[in-house]
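**Q** Here is how the chains run, residue by residue.
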Amino acid sequence: MVSTVVYEILQLSGILAFAISGALVGVRRRLDILGVVVVGSFTGVGGGIVRDMLLGVHPPVSFTHWPNLAVALVGSLAVFFVHPGITRIRHFEVVFDAFGLGLFSANGAATALAAGQTPLTAILVGTITAIGGGVIRDVLVNTVPGVLTRELYAVSALVGAGLAVAIMALGGSDGLASLVGGAAAIVLRLTSVARGWHLPKPRIGREPGSAES
Amino acid sequence: MVSTVVYEILQLSGILAFAISGALVGVRRRLDILGVVVVGSFTGVGGGIVRDMLLGVHPPVSFTHWPNLAVALVGSLAVFFVHPGITRIRHFEVVFDAFGLGLFSANGAATALAAGQTPLTAILVGTITAIGGGVIRDVLVNTVPGVLTRELYAVSALVGAGLAVAIMALGGSDGLASLVGGAAAIVLRLTSVARGWHLPKPRIGREPGSAES
Amino acid sequence: MVSTVVYEILQLSGILAFAISGALVGVRRRLDILGVVVVGSFTGVGGGIVRDMLLGVHPPVSFTHWPNLAVALVGSLAVFFVHPGITRIRHFEVVFDAFGLGLFSANGAATALAAGQTPLTAILVGTITAIGGGVIRDVLVNTVPGVLTRELYAVSALVGAGLAVAIMALGGSDGLASLVGGAAAIVLRLTSVARGWHLPKPRIGREPGSAES
Chain A
0 MVSTVVYEIL QLSGILAFAI SGALVGVRRR LDILGVVVVG SFTGVGGGIV RDMLLGVHPP
60 VSFTHWPNLA VALVGSLAVF FVHPGITRIR HFEVVFDAFG LGLFSANGAA TALAAGQTPL
120 TAILVGTITA IGGGVIRDVL VNTVPGVLTR ELYAVSALVG AGLAVAIMAL GGSDGLASLV
180 GGAAAIVLRL TSVARGWHLP KPRIGREPGS AES
Chain B
0 MVSTVVYEIL QLSGILAFAI SGALVGVRRR LDILGVVVVG SFTGVGGGIV RDMLLGVHPP
60 VSFTHWPNLA VALVGSLAVF FVHPGITRIR HFEVVFDAFG LGLFSANGAA TALAAGQTPL
120 TAILVGTITA IGGGVIRDVL VNTVPGVLTR ELYAVSALVG AGLAVAIMAL GGSDGLASLV
180 GGAAAIVLRL TSVARGWHLP KPRIGREPGS AES
Chain C
0 MVSTVVYEIL QLSGILAFAI SGALVGVRRR LDILGVVVVG SFTGVGGGIV RDMLLGVHPP
60 VSFTHWPNLA VALVGSLAVF FVHPGITRIR HFEVVFDAFG LGLFSANGAA TALAAGQTPL
120 TAILVGTITA IGGGVIRDVL VNTVPGVLTR ELYAVSALVG AGLAVAIMAL GGSDGLASLV
180 GGAAAIVLRL TSVARGWHLP KPRIGREPGS AES
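Chains as they are written, first to last, in numbering that gives the first Met the number 0: chain A, 0 to 212; chain B, 0 to 212; chain C, 0 to 212.
Worth double-checking, as some hints may not be accurate.
The list treats identical chains as one, so a pair stands whether inside a single copy or across any two.
Straight line, CA to CA, 25 Å or less: simulated SDA-like cross-link-like pairs of lysine to any residue [said to hold, decoys possible]:
no., residue 1, residue 2
1, 200, 89
2, 200, 138
3, 200, 119
4, 200, 81
5, 200, 93
6, 200, 142
7, 200, 57
8, 200, 169
9, 200, 83
10, 200, 118
11, 200, 190
Since the hints were derived computationally from the structure, they do not count as laboratory data.
Since this is a predicted model, take the numbers as computed values, not measurements.
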């Protein structure tokens, strides 16, 4: 298949992006070198492991295909030694997380569809793969996962996965679907951060300061 | 099988109850509309996904059978727009959580037994299915899961699952087992809350205020 | 196979050690008897369940082989009634956790290799099995998992798993590999605690007190 190389590059890029985001969180939390590598690696390969467990791929690809783990380890180690100062580190976390989110959502959906899953299942698998690594990272460092609190986070993953499935339904290749869907998700997520787009919060009665709609 | 419709109704009712409980927690934590929908949906379908991964059903039913996710989404959205005020919201959380717990524990055990698992495995699968959604909800919003701290929580799930298995062992249908076991679990859980039944805590030496037995 | 009995003893010993460590944490957190039993049992059998889900063993062995759960329950209950005072309880937690870590890492790797997995996969499976129970325990009680913060924690698991795989590659039995690898992991982990061995932390700019290398 002509897109095997594209697939591999997108997979490893997504793993690298998430591993960097996880390692940056580890550095900010002042974990030691091993803690940084563990949280970075889990974040990098975690979404794919969840995907493989959902689809019944045993053992997960990251346990048998060494480049996945190698990329996650190298990315995490690199962050330990070279990283921005404390005042800018959160900015980098968000950017690399967005790249991981976009790459995994579209690519995960395209892969599931190409493997014969229905469009609904493919979109769900892509979305779960994309948010899985970040949820693991945030639960490990004991914070509420960004998917519950960040601007258009799950929406961006859904858009990326849905666009990828739509492109393939219209006859596009899975490589094209992964690239276009992924780019759309990344742009949507980063734009929502830059513009501070927030969705409405619930009205709750009898609490001071609950006036927002 | 005559009980397929009963099974489907019980499944969707359990998903709806857990989704509502999760969305209520999201509202109380003041998540935005998407955060409320994500935590509600994960809580609604999470237990079943864990069950399917344990039993080797790939992909999980909620990824292929759209009514599951639809019910979870609609329930979560409804809670976002219509919910009790802050002073009563915890009360509703507990009630819907109890219904999810009861519906999933007995129904999960009955389904596993009907699928050929042993009674022990069926009881464990039912219990894990019942507490899985709530554990996911509580871990996501960063609190200690209720199964560790709430009144007779795991006991209620075990009773519901065990009663369902016992009814089937005595020749009852899986629909009857799900209904009776589920009702017993719900009544036990809500009674323990209403009466404030607590189990003994450990004695710990050398700590002020550790006098309770 | 001659080492079946050895395997069973090592498995149950690992489950018992992790269940005791989990129950001790539950006692320290002042959970009631059921909470202590739930967190102890999940910690005891959790790593093995993760391993089985990764390898595609459905349902997990602990759901079908009753001694696993029985040992976890008995160990947790025993801790509820007999445990050290608050000033020494953390010490016992660390020791039992180290035994669980060592027993599971080497034994998990040896089992995976004997089942036909590659050395890389076997080492990863052993490591994940060993740290899985502790991660579940720490996430449940809402603290950052020890694998991210404790002295040589993941390194000890990796050494145990790697040594077990190396011994089998050199012709040793899986029983010998489990014993030697497990002992090495336990000794390494406990020595690192006793000596206070810590790995370097990241340098972070513009933060007071960030001088350590």
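**Q** Does each hint fit the structure? Answer for all of them.
**A** The hints, checked one at a time:
1. 200 x 89: both (24 Å within a copy, 18 Å between copies)
2. 200 x 138: both (23 Å within a copy, 21 Å between copies)
3. 200 x 119: neither (28 Å within a copy, 44 Å between copies)
4. 200 x 81: between (38 Å within a copy, 13 Å between copies)
5. 200 x 93: Both: 22 Å inside a chain and 22 Å across chains, each within 25 Å.
6. 200 x 142: both (20 Å within a copy, 21 Å between copies)
7. 200 x 57: Classified as neither; 41 Å inside a copy, 35 Å across copies.
8. 200 x 169: Answer is neither: 36 Å inside a copy and 51 Å across each miss the 25 Å cutoff.
9. 200 x 83: between (33 Å within a copy, 15 Å between copies)
10. 200 x 118: Classified as neither; 31 Å inside a copy, 45 Å across copies.
11. 200 x 190: within (20 Å within a copy, 34 Å between copies)
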